[in-house]
Amino acid sequence: MLQELLTVRTSVNHVSYARVVEVRMLLSDFIRHELRLTGTHVGCEHGVCGACTILVDGLPMRSCLMLAPQAEGREILTVEGLSPEPGQLHPIQEAFRETHGLQCGFCTPGILMTMKAFLDENPSRSEEEIREALSGNLCRCTGYQHIVAAVALAAGRMGGKG
Amino acid sequence: MVKNRYFGAPVTRNEDEVLLTGRAQFVDDVDLADLLHAAVLRSPHAHARIGAIDTARACARDGVVAVYTAADLGEFWRPAPLVVPPPPIEGLVFNQRTQFPLAKDKVRHLGEALALVVAESRYVAEDALGDIVVEFDPLPVAADLEKASAIASARVHEDVPGNIAATVHQRKGDYAATAREAARIIKRRFFYEHGMAQPMETRGVVAQWDERAERLCVWATTQAPTSLRNGLAALLGINEAQVRVIAPFVGGGFGAKLLMYYPEELLIPWAAIRLAGSIKWIEDRGEHFVATTHERGQIHDAEIALAEDGKILGIKDEFLHDTGAYNPYGLTVPINSQCSILGPYHVPSYDSAFTAVFTNKPIVAPYRGAGRQHGVFVIERLLDIAAREMGIDGTEIRRRNFIAAGAFPYRNEIMFQDFTELRYDSGDYAPILDRALERIDYRRFKQEEQPRLRAGGVRSGIGVVCYIEGTGIGPYEGARVQIQANGRVCVVTGIGTQGQGHYTSLAQIVADRLGVSVGDVDVITGDTDRFYWGAGTFASRGAVVAGNAVYQAAEAVHQKILRVAAEHFSCKEDELIVDGGEVSVAGKPDQRIELGTLATKANPMRGAVSPGTEPGLEATRYFGPESGTVASGVHAMIVEVDPETMMVSIKDYVVVHDCGTAINPLIVAGQIHGGVAQGIGNAFYEQLVFDDQGQLLNATLADYLLPTALDIPPMTLDHTVTASKTNPLGIKGVGEAGAIPVGALFAQALEDALDLPARGVEILEVPLSPSRLWELSRS
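Chains as they are written, first to last, in my numbering: chain S, 99 to 260; chain L, 395 to 1173.
Calculated from the structure, these hints are not laboratory results. Glycine is no exception: its CB is placed at the ideal position from the N, C-alpha and C atoms. Take these hints with a grain of salt, some might be off.
What the hints assert, rightly or not - If you want a taste of the chain S side facing chain L, the calculated C-beta under 8 Å gives, among others:
(1) R117
(2) D155
(3) L200
(4) P207
(5) L236
(6) T240
(7) Y242
Construct the entire structure; sequences and hints are all you get.
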């Protein structure tokens, strides 16, 4: 059965791309295998674990629940685009490193992107709010304690009152 | 001797930067030219005869390269080797039935692999799965553990009546005689179900056959790359030197990536050779639920004999263990359960027998804790009940039974999973309990807080449980430490790593010995071309066994540095200072040489390397502990239960733990936090629900509930230290400690919160859930 093809034009990490893809291609596969940005991870492909979270026009989205053609004309940010410059870390990344907020690191890109949107919206966050915001991302290694500490640390540095 | 600067310090991790920036390579990130993609057809039945398999339509589909069934495998089709043989215990019965690369004649569990499709894309490969037509003749299903053990049950393997996978009986002392002297005997039946590891990265294999080089390269999410290399070479009939297995960054393992040999680990390399190409297979989460190993249920009939003062005289236990359709991992899980019942307590007599039972369910193999949870649940519940019936405080009855600090090494006179006697090398349990009670303020909670809360209608309860964990078992690991010409230090070991921080903890060990910074040490793990030998990462052994190999190799390199530098400076070795990446002569600030320069001197282009020495600043050492080393701990928790919804809110969670000397307290804390989270999942959220047809009813992450950040409380950690006596660094494993006692802790705390015993209700099972608590509290 032939699959319909479509051209997808999208911006990922401030770089414009145009690619011809099958209409059924998941956005997560498009980013990982077409654009070879493999920092976005796929954990469940049914929208529960949050590992594949990216920012679409600034909003956190599960790239496994979107089709590549839905990215047409959108601005996408993935973990590769999070740090301000090569060799530098974003304050959230830096805080994760300092507090041991990651172990295997598989869920981490999705958590970083979710937390970026969360702290960009308002960096003054309580621990309860942080836990609530994290609750859509599963981590099997850390028990979340160091992740919560990392986000709180980053929040303070990003201008929040803690 | 260089002072410890990094060992014991909360050093941030070397591996974090690549992980945080998305540059770390996981198996699904491997990209090769002309890469093909595979998908596996899996059985929708738990037990069925297989008739014809029609693959014609699949083969004809555009983009499909090959479709394989068992009939295509020829001599490659045979049962997988046994990973762990049964231990040499007298009278032991073991019926070895291991899994096949693809099922032939019949399927024995849901998700068993039936056919492999290789195609130009994963999408096409999955399309083609739908083209394959399989004739099934469903058979009666042995799904329930207890029913499966009956002689009249449907047989998972036709030639195994009663589905007996194994029977094991171990004894210490004479339980029957001690029971006759007992002031009290308590008997209960316990049910303990354990779920599955569910690492956030599923399994995956990429295999590349380079026809000109005649070499196979396999990237796999395995916890045991060396064993996989050896097995592949043996099963494919090629030289081990032709096979390279790489376990790159692996997204969590917890035991689930330990099984050798998952069907896909064999099939993908086999097909890559046959097609002379490269093939990728990545498990999806739906497959993971039925194609990756589980842990599962045990039913214990246990009794404890006690003296008037609450001292244990003996324990008798008989249990059934659900091993699933095949038993490639031998008896590790039930033997851990059997041994864990003894806990940190002096148990003069013990009589324990178990039957491992085949069922039409996915394979059971170790998952973090690996059966220890089951055993801890039995002994801790027995002590809770004894305390209540005998009017002794629950913490006091534990204290009275602790093995005395002076009694180590303590012999248990039964055999552990590592084929050595269960022997506790060191420990001191009372201070751990004291510390935990202090940190959770046990007395104040019991005397003031709980009565006050109860008066206000709040259902609040406390739990305090103890456990030990056998860690750091043999046989061995090895490491090579090498100083390179650029001054960086390279450490290579055969273990794989799945997030435990080995890139940092092993570097810390070396950095101190060689006077360099942790960031100057590159740790390479999980690549069989870089290090030939190794067993793998499991049983909380990576840091203990590989860590000590690394330590000894680094020490040998340190000696080489001294020898070469003493020659260079024409001084005595004890005049040299090795620090800051260089060697200098004490009191002579102008006499210094960088380690990289010294390494080059030790590997000269001209002149001669003296007879009896080796070139370079390099050493390889192997460490094999005589037996495991035993860690211990106490978990304490205060909970409140909503009487309407039965939802549990954890108000305080304390872990006091003794893992010997900690290499990196930050990493130790992370290991404990993560373990506790998995323990909480097991105790209250996670249950694999099978129906009587062996169908898994909740095989999505929306239905099988992994705990979220809202379910896991902040934890308070504290540590005591009794150094291990089985290794030079004095370290004990910590990987599984957090997960082990949580089921027992929940049972105790929830009973207390709901005051269930006053109403004649006891919690004798795990996992619990709000609905199960509701049922229990109204029974």
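These are the hints, each one checked on the structure:
1. R117: Result: violated, 14 Å to nearest chain L Cβ.
2. D155: violated (20 Å)
3. L200: Holds. Min distance 6 Å.
4. P207: holds (6 Å)
5. L236: holds (5 Å)
6. T240: holds (5 Å)
7. Y242: With a closest approach of 4 Å, the Y242 of chain S hint holds.
Of the numbered hints stated above, those contradicted by the structure are hints 1 and 2, listed in ascending order.
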